[in-house]
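A.B. asks: Could you slot chain B onto chain A? The hints should help.
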Amino acid sequence: MGIIIILSLILIGIVVVQIARITELAGKLRGEEEAMMDSNRRNGAYMLLFVVGFLIFCVISAMYYKNWMLGYGPHISASEHGVALDGLFDTTLFFTGIVFVVTQILLFWYSYKYQYKPGRKVLFLAHDTRLEVFWTAIPAAVMCFLVVKGLIVWNEAMADTNDEYIEIEAMGQQFNWLIRYPGTDNRLGERNYKLFTASNPFGQDWTDTKNLDDFHPSEIVLPKGKKVRVRITSKDVLHNFDLPHFRVKMDAIPGLPTYFVFTPTTTTEEYRERLKTTPEYQALSDPDDPGSPMLWEAFNYELACAELCGKGHYSMKRVVKIVEQDEYEAWAALQQEQAWYPNNVKGKDEDPFKEMNAAKEKKMELETRRKNFMESINNAINATEAKDRMFKLDYVKYQTGSALLADESSDELDNLVQALTDFPNLRLELAGHTDNIGNPANNQALSQKRAESVYTYLTGKGIASNRLTAVGYGDTQPIESNDNEEGRRKNRRTEARITSN
Amino acid sequence: MATKSVLAPEDILIEELGYEDHFHEHHEDDKYRSNFFSTYIFSMDHKMIAKQFLVTGIFWAIIGAGMSIIFRLQLGFPEENMAWIKPLLGKWIVVNDAGIGSLAPEFYYALVTMHGTILVFFVLTAGLSGTFSNLLIPLQIGARDMASPMLNMMSYWFFFLAGLIMFLSLFLSTGPFSGGWTAYPPLSALPQASDGSAGGMTMWVVSLAFFVVSVLLGGINYITTVLNMRTKGMTMWRLPLTIWAFFVTAILGLLSFPVLLSGLLLTMCDRGLGTSFYLSEIFIGGQALDHVGGSPILYQHLFWFLGHPEVYIIILPAMGLVSEVMSVHARKPIFGYKAMVYSILAIGFLSFIVWAHHMFMSGVNPFISNFFVIFTLIIAVPSAVKVFNWITTLYGGNIRFTSAMLFSIGFVSMFISGGLTGIFLGNSAIDIQMHDTYFVVAHFHIVMGIAAFFGMFAGIYNWFPKMYGRFMNETLGKIHFWGTLIGSYAIFWPLHYLGMAGVPRRYYRFDSFDTFSHFATLNKFVTIAAIVVFALQILFVINFFYSIYKGKKMTTRNPWKANTLEWTTPIDTGHGNWPGKIPTVHRWAYDYGKDGKDFISQIKPLEEGEVEVH
Chain A
1 MGIIIILSLI LIGIVVVQIA RITELAGKLR GEEEAMMDSN RRNGAYMLLF
51 VVGFLIFCVI SAMYYKNWML GYGPHISASE HGVALDGLFD TTLFFTGIVF
101 VVTQILLFWY SYKYQYKPGR KVLFLAHDTR LEVFWTAIPA AVMCFLVVKG
151 LIVWNEAMAD TNDEYIEIEA MGQQFNWLIR YPGTDNRLGE RNYKLFTASN
201 PFGQDWTDTK NLDDFHPSEI VLPKGKKVRV RITSKDVLHN FDLPHFRVKM
251 DAIPGLPTYF VFTPTTTTEE YRERLKTTPE YQALSDPDDP GSPMLWEAFN
301 YELACAELCG KGHYSMKRVV KIVEQDEYEA WAALQQEQAW YPNNVKGKDE
351 DPFKEMNAAK EKKMELETRR KNFMESINNA INATEAKDRM FKLDYVKYQT
401 GSALLADESS DELDNLVQAL TDFPNLRLEL AGHTDNIGNP ANNQALSQKR
451 AESVYTYLTG KGIASNRLTA VGYGDTQPIE SNDNEEGRRK NRRTEARITS
501 N
Chain B
502 MATKSVLAPE DILIEELGYE DHFHEHHEDD KYRSNFFSTY IFSMDHKMIA
552 KQFLVTGIFW AIIGAGMSII FRLQLGFPEE NMAWIKPLLG KWIVVNDAGI
602 GSLAPEFYYA LVTMHGTILV FFVLTAGLSG TFSNLLIPLQ IGARDMASPM
652 LNMMSYWFFF LAGLIMFLSL FLSTGPFSGG WTAYPPLSAL PQASDGSAGG
702 MTMWVVSLAF FVVSVLLGGI NYITTVLNMR TKGMTMWRLP LTIWAFFVTA
752 ILGLLSFPVL LSGLLLTMCD RGLGTSFYLS EIFIGGQALD HVGGSPILYQ
802 HLFWFLGHPE VYIIILPAMG LVSEVMSVHA RKPIFGYKAM VYSILAIGFL
852 SFIVWAHHMF MSGVNPFISN FFVIFTLIIA VPSAVKVFNW ITTLYGGNIR
902 FTSAMLFSIG FVSMFISGGL TGIFLGNSAI DIQMHDTYFV VAHFHIVMGI
952 AAFFGMFAGI YNWFPKMYGR FMNETLGKIH FWGTLIGSYA IFWPLHYLGM
1002 AGVPRRYYRF DSFDTFSHFA TLNKFVTIAA IVVFALQILF VINFFYSIYK
1052 GKKMTTRNPW KANTLEWTTP IDTGHGNWPG KIPTVHRWAY DYGKDGKDFI
1102 SQIKPLEEGE VEVH
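Chains A and B supply the protein sequences, listed in that same order.
Per our numbering, the very first residue in the first sequence carries number 1; after that it's consecutive.
Per our numbering, the very first residue in the second sequence carries number 502; after that it's consecutive.
In isolation and in its complexed conformation, chain B is listed as follows:
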């Protein structure tokens, strides 16, 4: 490779100081990119797998968000004629004699359930962590690829399979599963209790089983890669915060997803084998069931033992991406790097001992709740530290408002707003009133829905050039950002008021109760805001695909003037990432503005007399 005609300064440095691993003597390029299938479909290249996760995630995001638009129409305009959507939804739109079509209640619940499942698992877990862990872990730690490219490929294809099964379940005559994304038994265990609990539930469980396999294959790979494949000089304390976030995320996934799988397995036993893990003394469909002695609360423990770490599995990668993007575009080191790492570790640890705060009103012993209140509110401390550090990172910087940076700032705003309402809900006494109301809906949509999406958008806008060699359109990106920021608050802020008034979530309509029926205007407003925000996301999707083919071309390999290793690779990054030697690392990732220099790449050795920050 040294024979290449024009060498970039990075290449010269890498050639000089890099580590020779004889990678390119094996001619593995042929094996990896010999034909269309091995390049684009069954690729083992982490960069291609990252793109596969991303595009699949975008597909699911459109489906999942589209579902929310349909059920928001029901909530905002319950009297409106929905017959026009019948060609799409078929029998789920019930048209009466007057020709007025309305959404069938069972399908409303199916939409709500699928919206949650799809967004939480397929979009914000696979689409976010799958995309960026795959893309950035090898590139930022200086590795040729993942520890096991094969497992990595299988991780994607299990995810694909999970998605395929879930997608097919949408077309069952009894409808997809409709018992809420948490799938609490007995509702989920008894086909007599709900149509969606028949074939829909079976396919839901099978899909999630494949999904868990995908997460485990990916996770074990990410952990191994981070621990074993860092390049020379890349100590743990020199890792960018993105990698720390992905690393802890993968550990959380590895420890918690199997518990979900076991919980679902027991559900299947209760459904099919006559066991009574979760069922006891049930009389349904005119019949007393034989199941005695089980407890539905056991399922809730198993579910939330995953379910709570899961929200951190979603938000930690977003935090990592935002930390990195914010530092790069503020041209300043991230403030309190070690505090950021420790808070990621603290959040990761605490996330395993707060799960029962989802169950304060589930009939668990109220005494037990005391511990979960304490740990839940403690988790606010590392979260607060992160927020203060991000804000301080902006202080004294020289901020370039790229779309990526805008979404990072938006992320912090959302994380503050949604995080603070968590302090209300984490306190069990307030949760008596707020549990399962729209206050909860507002809280988690802002803190782990919108915030995680903002982190993901920041990541996409920032690393799009690395993925496709072109830039996304910045004007559209900014319209996308401002519209989404304002629109998201317009959707979710008013929902807090519904929650305070005690309006329960998962209601098909509100008019049978006097207490809940005073908010027709608010619900219309929220629905309209949701439609506008959805349209803006379509704008993003158009920008995304347009830019892949027609976007502004990347002319320099480090357009954001960033320090991390991925920007030392050639614009068209081939398999193995670096054409010659692997770069070695001599400093942390955040030397921005140090000693009057705009930025100092990690591959640059310390100058004489220079003091290393960490």
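Extracted from the complex, chain A is given alone in its bound form:
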């Protein structure tokens, strides 16, 4: 293969050199002057042919690609500011088009017309101030017009906004875009580039509560007619947030957030309708699958990257959908359930609220216990049958094999102190029970000591000692079978029996 290419190149070279030699010899034979005249005539004719052919090529190719022209046919802007931009493009095309056609025609026409003729007297025209002023003033005036018009469009398109808007963030990274929505509070939370981890793709600072409801959808969905402010950021190198259908483009810069404000005016559905009659979109979206939708049916707006960012630059695509307001709200509500923090961070090591939340839960748990405990005391006081005039101290625990109270027991005992204060006539028998493991005498002694520990705690809190008695029952009054651990656990208990009230 390589040899064939090299050989054919050499062959072409030889042919070319031969052509060169032959034309030179032919020139010599026919006389230099005549050969020159001949060639001149031919090239003069080519001048005319070229300019005609060139202008036809321009027109035909423009017709052929008309559906891709900016601001024409289906390719009109899908955003509010884009319409003015397309208009400016058309205005510029109008002026430059005239200049283009006139100057190209004059250039090649004059070349043809003033080709060499022996003895032609040339026009000695060195300068003409009036002409120079004329063709300095005309372009200057046109440029002024275009500048003024252009700057009006520019400053409106680039203005930041104080109106009501939806703010979203697009962050470029090698090689995709990540999208963040502000969630129900409508505000994007703070970020810090040192916080990037696999479970924190945006580097969000979770201590900023504005972050807690932010969600990260896989595509951009926006309501029609609502102003959007895109905060554009980058994680690594430069990227560019490019939405060609909306005339939106802005670099994403690490360490320097930029923005673009725009208002979508055409829903995806409406744009598809527009493409329904466009010849370029009348093919199957997947040529190999006859069942696939037509191109226009499968059309979606797209987000691309327009700043070289490395070897995957060409693949940074996200789908963009513009929908009606109610559809947007439904989508946002659904996405809200997928909000990043509650689903991926909460309760994990990186959650700064982990301890705070745990304390909060503990408090709620204790409150529930207190309520239930007070209710059981009330029930016991109001009970008519003697066996019901008692209540269990479920959360009073002892250190293993010992009568010493476990620390956590104080919560329940403090509740009991409160109850004894609330009901000043209440007198109780504090009853200790064990399971049947071990020596019954030892069990009895342990239960007696445990009941006394409770007694000591309560009297220590200022409850009169004559209101309390401590009795150890050992393993004599099981409430469950002692044959299994579950039963034995329930039998190891402390109870309070109401002796009078």
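Bear in mind the hints are in silico, worked out from the structure with no lab data behind them.
Misleading hints may appear alongside valid ones.
Unchecked claim - Below, a sample of chain A positions facing chain B; criterion: calculated Cβ distance under 10 Å: (1) Asn-67; (2) Ile-76; (3) Ser-77; (4) Ala-140; (5) Ala-157.
Every value quoted in this text rests on a predicted model; they were computed, and no experiment measured them.
Even glycine gets a Cβ: it sits at the ideal position worked out from N, Cα and C.
C.D. replies: Chain B only, in chain A's frame:
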């Protein structure tokens, strides 16, 4: 020298009116051309240095354009098997299990980057301005050589060194630099961001540093020579437009290239010394970098402070060459000489205050863009004046369609087409949509790529006899011209439509986006056109080298019947350019068709009663 047997009429005139500077009494010829090395390699003769720049430029043009063919193949035929090119590109062609080879994306980006760097700096700056400033400045102003032949020689060898380093970087295992010819950080500053930003970027910066040295050495020389070494009678207003163009070009280079160098220096500090000029809050490769507080936009300001004047550094010499060639071959004075000079000066001045129009969408304050829009569109005015003047130069002329003249006409056509699209892009509001799309690619390739090449070709065909004492083959030249004119429009015109549809540049393939995937036919067409145009340039190269040895010999010293001084030198122009005295100048360079005379050389004194044009 007066003892020479046959004196040409020019020699007689120079002997009569010329200025005796006792140059040849010093016998410097021996010093300059004593052996092979001092004649052909380390030559200090401006004419030889010009040829060295030209041949090196041609070498780089083949490499740079060849790269574009490879990446155009990828864009036009993304599914095609590229395994056949593996012997050349090695691991950059990835062959899958089915035996289908495809271009690696990272190498695609390396090709795009190198194509831009090589063409902009090595071909259209060094190859164009280096060649013709060196050749024509001393010859056309009536000087024996450059102000400092030594610096001039060093200018070439620094360029050579720059090229050598860039060439070697192509063979790095991580590949050459691949972050675009603009080398924006952080991509260019972080080896983690791209393979090409490792050793490739370091070599790219070192190469460009040497290149800047070359431009500065050349530029200071051109400026000094034009200001101080004009012969008697050669006032500034009698300079040919070529010299005005080279002069302003050299000033632009001198003022802007150091800014690029400082920008690149700061990049190297960020890369190697842990500074944060351009870097801030970056998380890359699973790691948060320590750099905080820098701004990538600062680099863009520094880069484009060179980058924009640079496009005029490229186009002004082409404009100068075209003005001269057009006047000579239309047998008419250039229309509006002073307007042409003033527009060159205006363009030169304005080129320094429009740089941020490359950055409308870069995150600079949109308010600032207002000023840059105004100045950018103002620059269209002097450009338009030049176009109107060129067209009027043709009006009423007696045009000889030499290859040089054809390329000059082609230049004007390209400059119109590419210049007009600049009015779209310079207006920031339209740039929102057009920025970094194929519309931009089409615009600058036509206006400063193809147009500058056309200017360069016009110059080569026109001054080839002065350089080598022989003519290039005209038939091949005309095939070259018509093919390139039609082919270039075929390549770049359709790209405007891609741009309008919003297709971004620098995409390895388009099929992941629905919006960008509708142009497979167009891309194939463009690729085929590019291959044809490339083949035509090979034709030119063959013609060039063939003609050096076998071209038609020059028999008279002024074959184009031109007025400028270079054509008063002997056919085999020796060191010091004129064998005897230096000619003195008595009129401007454009007395064509005056008082019924076909042409009047600048060395001819005014006749009695003759009114000088300027």
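A.B. asks: Are Ser-77/A and chain B close enough, Cβ to Cβ, to be under 10 Å, as the hint says?
C.D. replies: For Ser-77/A, the interface hint holds, since the closest Cβ of chain B sits about 9 Å away, which is under 10 Å.
A.B. asks: Please verify that hint: Ala-140/A, Cβ, nearest Cβ of chain B, below 10 Å or not.
C.D. replies: holds (5 Å)
A.B. asks: Mind checking the CB of Ala-157/A against every CB in chain B and telling me if the closest is under 10 Å?
C.D. replies: Constraint on Ala-157/A satisfied, holds at 6 Å.
A.B. asks: Minimum Cβ distance from Ile-76/A to chain B below 10 Å?
C.D. replies: Constraint on Ile-76/A not satisfied, violated at 12 Å.
A.B. asks: Closer than 10 Å between Cβ atoms is the bar; does Asn-67/A clear it against chain B? Give me holds or violated.
C.D. replies: Holds - the Cβ of Asn-67/A comes within 10 Å of chain B, reaching about 9 Å at its closest.
When each numbered hint is compared with the structure, a violation occurs for hint 2 only.
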